[in-house]
Amino acid sequence: MQVPSEKARKQMTKMPETTQAAQETKRRQEVYQQLVAERKPKPPYLRHFLVAFVTGGAVCALGQFVLGIFIGRGLDINAASAPTLAIMILLGIVLTALGIYDEFAEFAGAGAAVPITGFANTIAASAMDFKHEGWVLGMGAKMFIIAGPVIVYGILSGVFAAFIKYITRL
Amino acid sequence: MASKKIGKATVKFTNPPIIAGIGTIVGPMEGRGPLARDFDVVLPDMAFGEKTAERSERKLLEQAAQIAIERSGIDKDMIDYYIAGDLLNQIISASFSARQLAIPFIGVYGACSTCAMGTAFGGMILDGGFADYVLVACSSHYQTAERQFRYPIELNIQHKATSQYTVTGAGALVLASSGNGPRVTWATTGRVIDLGVKDPYNLGAAMAPAACDTLLRHVADTGFSPDVYDLILTGDLGSLGSELFTELAKDAGCDVGSNHKDCGVMIFDTKTQRVGSGASGCACAAVVTFGHVLKEMERGNLKKILLIATGALLSPLTFQQGESIPGVGHAIVIEL
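Order-wise, the sequence lines are chains A and E. Position 5, counted from 1, in the first sequence is what the working numbering calls 186; the numbers after and before it change by one each time, with no gaps. Position 28, counted from 1, in the second sequence is what the working numbering calls 40; the numbers after and before it change by one each time, with no gaps.
Treat the hints as calculated values from the structure; they're not laboratory data. Some hints could be false.
[What the hints assert, rightly or not] Okay, derived cross-link-like pairs now, SDA-like style, lysine to any residue, Cα gap no bigger than 25 Å in a straight line:
#  : chain 1 : residue 1 : chain 2 : residue 2
1  : A       : K323      : E       : P212
2  : E       : K63       : A       : A322
3  : E       : K172      : A       : Q210
4  : E       : K283      : E       : G269
5  : E       : K262      : E       : A232
6  : E       : K262      : A       : Q210
7  : E       : K283      : A       : E287
8  : E       : K273      : A       : E219
9  : E       : K210      : A       : P225
10 : A       : K223      : E       : F161
11 : A       : K221      : E       : Q332
12 : A       : K207      : E       : D263
13 : E       : K172      : A       : E284
14 : E       : K172      : A       : L231
15 : E       : K63       : A       : W316
16 : E       : K172      : A       : P224
17 : E       : K20       : E       : F142
18 : E       : K24       : E       : D92
19 : A       : K221      : E       : L325
20 : E       : K283      : A       : R228
21 : E       : K20       : A       : T206
22 : E       : K210      : A       : A202
23 : E       : K63       : A       : E314
24 : A       : K323      : E       : K63
25 : A       : K221      : E       : Q285
26 : E       : K172      : A       : H229
27 : E       : K172      : A       : R220
28 : E       : K283      : A       : A233
29 : A       : K221      : E       : D281
30 : E       : K283      : A       : P224
31 : A       : K346      : A       : G335
32 : A       : K207      : E       : V204
33 : E       : K63       : A       : I281
34 : E       : K262      : A       : Q215
35 : E       : K316      : E       : T234
36 : A       : K221      : E       : K210
37 : A       : K323      : E       : F331
38 : A       : K207      : E       : L260
39 : A       : K223      : E       : P212
40 : E       : K172      : A       : D283
The following block holds chain E by itself, in its conformation from the complex:
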């Protein structure tokens, strides 16, 4: 019956969704990072002319969506669904941006895995014949995330080496059922994995097992070996999480070798920019993949990539109540 489902958790798109338009926007800190030239807009400040950080984040998301729509060359009214998510309570950035965009809206929450989750889901809607155009977007903001998950922004905190810095930015894609451009060909939906890590300042370690689980299931379902990919990209494991991920994968007989990179390590210069173990946030995997990696594909440097966007599914309530941190990893394959 489910003719497009392969193995336990993977979907093979028979009519792969085309990436028709991309929009990325980042804050000043990301603008000082090594990938700055690949983003569409680099803001001079985090406020973006708004009074509150929450409004700034919403504006980021709206702008990224607008850019993606413009680049796709299609009319906004032709888009059938807007799939979006962010990190805040009740995913307010996504739903409030949907109020502005006035496109039928599906709100999703996958923490920092949202970009891959939304893209996979959008692909299924397109391949299922339920739509011709889907807009996928997600955002995060350093200040809103600090307020949501951690402490007041100006508080006297000394960050740990394992903590991660939330990316300020937003990424958006217009997926189309036909046309030219990179295609999303496979998607593996992750299971929620929890190996008992309780430290909210070490989310990379909490998410690494989930990323590994999704990789192993993807490999088992598709029969691909990891070296068919020019790049295996994890979302925001950071340097410590990446180390744990490659080690877990190697122990399970799946050596990702030098093919592996992590968006959370790529977006900042981890030596000179004080970001702990690297970056995190919905926008991290989104802007690195949609901005940098897709441009690298355009330049002909990459042909086929696997993105495993990772999310830590905690809330301030759960870690205050002493619960461990569940992680998830959603994978998509993008090829030319």
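This is chain A alone, in the form it adopts within the complex:
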């Protein structure tokens, strides 16, 4: 039996792509996807931007208010930021546990997702979801299923930014 040459094999694997049926399928897919794109309701971007700006801003203003309380009690700004973050995280977790945070996010969008309350929500929501699969392989392992990538790429971009700063100083 003759072994097909490299060139012939390439030709063989290419074959289905060039058949008329495959071309027809591709054309149908393109036509359909265009139809879907046309019919798909456009997201109300302007509304989303405005709502996220106002709600996200409100969450930040609340954080500022809490920070103000700690500063008022005599902490300097660096020392006050840690308990402020803890309060905001606690708030995010409590609202998640009460089933309120996801309702707020449905309305607020990025306004609920971006502040640290949203980050707390991703961990609390995952922990709640996986608690029935056990403390270790369930909650322990799956708690960071959403937050994990944020931490990984957060650290990575931190390293990257530090590297740029280092280079520009040289």
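With the hints as your guide, set chain E onto chain A.
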């Protein structure tokens, strides 16, 4: 040889299976929808007294099956096969409910097309002379489906206008080889169709071509025109999917006109209940067809209907790997 097969993909039952008993059960959200009064049981909460959502779904399926068996008036031990499916990995709701029911079990997976698939398959078993009674059931649960396919339930997500809300509920039918009641007369098994839609938040668009393909094949095989049906019901295309479906069908020369309705649009009030494009889930087509539509037939408002239950055959793995979403539509004809 295959004397009951008509055309390319259709079966004509010579001894049509009779729908002898129906059981439907839904969650609180569906209970606030426009079809609430047609369901046998409306639950006050999704948990159904269980600790986990998976156990709640299983209980829904068991309850729906029990109701259907009771309504049929036959003894559970007389049922020859239990055909069931759901959306979860390894179809655990179906197989665990089978553990409870202790009826010879055939597990099926057709995503949200399961109710039509199971009914067609059950009909073939009956018409083939392999059984006298078959129990067909399927279930879905908002929380288990979210966990299986999407994100944790309490996560801060803003749903898209094209996304669909999974129905919490279960539907079951007892099919009998003889007796009185609505009959399942034809069944068209769908092909898996994929026109390259990749967005898992737009499953209606992914499934519409499959629904259309099955409709066209059904029409070609049977020679029926779409207007012989009082209602052409699609499973869970949602409002966008329905629009695409009717347009595709019209382009192919098969105008379904005002005869078409979609279970995913019917079960919720899409204006006031925040459900995106509509409902989805195995239970969607099941409870709307078995609960609402069969009751409408009983009331004399409908005589002959075509159900094309649609399923999106994706898994979280396939869409994370960037693959497009294959769809399927299985059709059955129910008439008085």
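Going through the hints against the structure:
1. Proposed proximity of K323 of chain A and P212 of chain E is supported: the alpha carbons are some 22 Å apart, at most 25 Å.
2. Between K63 of chain E and A322 of chain A, the direct Cα distance comes to roughly 21 Å. Compliance with the 25 Å bound is thereby established for this hinted pair.
3. Pair hint K172 of chain E plus Q210 of chain A holds up; C-alpha atoms about 23 Å apart against a cutoff of 25 Å.
4. Proposed proximity of K283 of chain E and G269 of chain E is supported: the alpha carbons are some 23 Å apart, at most 25 Å.
5. With a CA separation close to 15 Å, the supplied pair K262 of chain E and A232 of chain E stays within the 25 Å bound.
6. This hinted pair checks out: K262 of chain E and Q210 of chain A have alpha carbons roughly 18 Å apart, not beyond 25 Å.
7. Taking the CA atoms of K283 of chain E and E287 of chain A, the gap is near 16 Å; set against the 25 Å cutoff, the hint holds.
8. For the proposed pair K273 of chain E and E219 of chain A, the alpha carbon gap of about 22 Å is at most 25 Å, so the pair holds.
9. This hinted pair checks out: K210 of chain E and P225 of chain A have alpha carbons roughly 22 Å apart, not beyond 25 Å.
10. Of the supplied pair hints, the one linking K223 of chain A and F161 of chain E holds, its CA atoms being roughly 24 Å apart against a limit of 25 Å.
11. For the suggested pair K221 of chain A and Q332 of chain E, the alpha carbons sit about 22 Å apart, so the restraint of at most 25 Å is met.
12. For the proposed pair K207 of chain A and D263 of chain E, the alpha carbon gap of about 18 Å is at most 25 Å, so the pair holds.
13. Straight-line distance between C-alpha atoms of K172 of chain E and E284 of chain A comes to about 14 Å, which keeps the hinted pair within the 25 Å bound.
14. Note on K172 of chain E and L231 of chain A: the hinted pairing holds, with a Cα-Cα distance of about 17 Å set against a maximum of 25 Å.
15. For the proposed pair K63 of chain E and W316 of chain A, the alpha carbon gap of about 16 Å is at most 25 Å, so the pair holds.
16. For the given pair, K172 of chain E sits about 8 Å from P224 of chain A by alpha-carbon distance, which is consistent with the 25 Å threshold.
17. Between K20 of chain E and F142 of chain E, the direct Cα distance comes to roughly 24 Å. Compliance with the 25 Å bound is thereby established for this hinted pair.
18. Note on K24 of chain E and D92 of chain E: the hinted pairing holds, with a Cα-Cα distance of about 22 Å set against a maximum of 25 Å.
19. Proposed proximity of K221 of chain A and L325 of chain E is supported: the alpha carbons are some 21 Å apart, at most 25 Å.
20. Distance hint between K283 of chain E and R228 of chain A is fulfilled; the C-alpha atoms sit about 19 Å from each other, no more than 25 Å.
21. A C-alpha spacing of about 20 Å is found between K20 of chain E and T206 of chain A, which places the hinted pair at or below 25 Å, so the restraint holds.
22. Restraint check for K210 of chain E and A202 of chain A: the C-alpha separation of about 22 Å stays at or below 25 Å, so the hint holds.
23. Using a Cα cut-off of 25 Å, the hinted pair K63 of chain E and E314 of chain A holds, with the two alpha carbons roughly 12 Å apart.
24. Simply put, K323 of chain A and K63 of chain E have alpha-carbon atoms about 19 Å apart, close enough for the 25 Å limit, and the pair holds.
25. At most 25 Å may separate the alpha-carbon atoms for a hinted pair to count; K221 of chain A and Q285 of chain E meet this at roughly 20 Å.
26. For the given pair, K172 of chain E sits about 12 Å from H229 of chain A by alpha-carbon distance, which is consistent with the 25 Å threshold.
27. With a C-alpha separation of about 14 Å, the suggested pair K172 of chain E and R220 of chain A falls inside the 25 Å cut-off, and the hint holds.
28. Our distance criterion of 25 Å between C-alpha atoms is met by K283 of chain E and A233 of chain A, whose separation comes to about 23 Å.
29. The suggested pairing of K221 of chain A with D281 of chain E holds, with an alpha-carbon distance near 20 Å, which does not exceed 25 Å.
30. Distance hint between K283 of chain E and P224 of chain A is fulfilled; the C-alpha atoms sit about 17 Å from each other, no more than 25 Å.
31. Taken as a hint, the K346 of chain A and G335 of chain A pair is honoured in the structure, with Cα atoms around 16 Å apart against an allowance of 25 Å.
32. In summary, the hint linking K207 of chain A to V204 of chain E is supported, as the alpha carbons are separated by about 16 Å, within the 25 Å threshold.
33. Under the criterion of a C-alpha separation no larger than 25 Å, the hint pairing K63 of chain E with I281 of chain A is consistent with the structure, at around 21 Å.
34. Of the supplied pair hints, the one linking K262 of chain E and Q215 of chain A holds, its CA atoms being roughly 17 Å apart against a limit of 25 Å.
35. A threshold of 25 Å between alpha carbons decides the hint, and for K316 of chain E with T234 of chain E the separation of about 14 Å falls inside it, so the pair holds.
36. The suggested pairing of K221 of chain A with K210 of chain E holds, with an alpha-carbon distance near 14 Å, which does not exceed 25 Å.
37. Proximity of K323 of chain A to F331 of chain E is assessed by CA-CA distance (about 20 Å); at most 25 Å being required, the pair is judged to hold.
38. Proximity of K207 of chain A to L260 of chain E is assessed by CA-CA distance (about 17 Å); at most 25 Å being required, the pair is judged to hold.
39. The hinted pair formed by K223 of chain A and P212 of chain E meets the criterion: a straight-line CA distance of about 17 Å does not exceed 25 Å.
40. Among the hinted pairs, K172 of chain E with D283 of chain A is consistent with the structure: their alpha-carbon atoms are about 14 Å apart, no more than 25 Å.
Checked against the numbered hints listed earlier, the structure breaks none of them; every hint is satisfied.
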